[in-house]
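Undergrad: Construct all of the structure, not just a fragment, from the sequences and the given hints.
Note that the numbering used here has the sequence shown beginning at -19, numbered continuously upward.
It is worth saying that the hints were derived from the structure and are not from the lab. The beta-carbon is built from N, C-alpha and C at its ideal position, and this holds for glycine as well. There may be inaccurate statements among the hints.
To be verified - Restraint ranges, calculated between C-beta atoms of paired labels, are given here:
hint : residue 1 : residue 2 : range
1    : 108       : 182       : 36 to 44 Å
2    : 89        : 183       : 41 to 49 Å
3    : 182       : 89        : 38 to 46 Å
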Amino acid sequence: MKDDFLLAGRVALDLLREPEVGTSWNRPSALPEFSVAGLAAHLAYQVIFVPGVLDAPRPVEETVPLLEHYARSAWVGADLDAEVNVGIRENSEKAAGDGRDALVARLEEALDDLAGRDFQGDRPARFPFWGPWSLRLDDLLVTRMMEMVVHADDLAVSVGVPTPEFPPRVIEPVLDLLSRLALRRHGQTAVVRALSRAERSPGVIAAF
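TA: Here is the structure:
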């Protein structure tokens, strides 16, 4: 999963380097209450925080399956003004404070750092803000790839550039995750009809 994650990170890096991101830096983004700067920082953070996760002591909390992680996460289904979502936006805006070039440099540094590491996909990994549980490292990386794919689209739409295409080895596990989350939220019949029978589609089958 390491190579796939780094591929996704490099796609995100190329998007952040687009001139339109810099010229739109202080404008509102396509996401409510997020500036382009804050959204860009949130996108970059999906890679930037991973070296710290790898450097942390081996977690002792229980390691949960991927979908259980989302069942426990406070932000899933939370209102826009919920404390967890406000905190995400505030931290992202703060992280963008030094400007686009500084953010690009931090992302480049993180990608270079991670490229030289030996990943152990089955080891437990924990991000403290999630809650008192861990994920397998490979599962954690899938969650971050999903965030990069989704927020790359958000950022591209926000600044008026084409949404970047991710390699199949990135997009396929992301779509698998989103499909399973949609299945849990809407049920089998709704998802099957939305994907195969337009005349009986229930409409929205969003994962979140």
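Undergrad: Any of the earlier hints contradicted here, and which numbers?
TA: Checked against the structure, no hint fails, so every one of them is satisfied.
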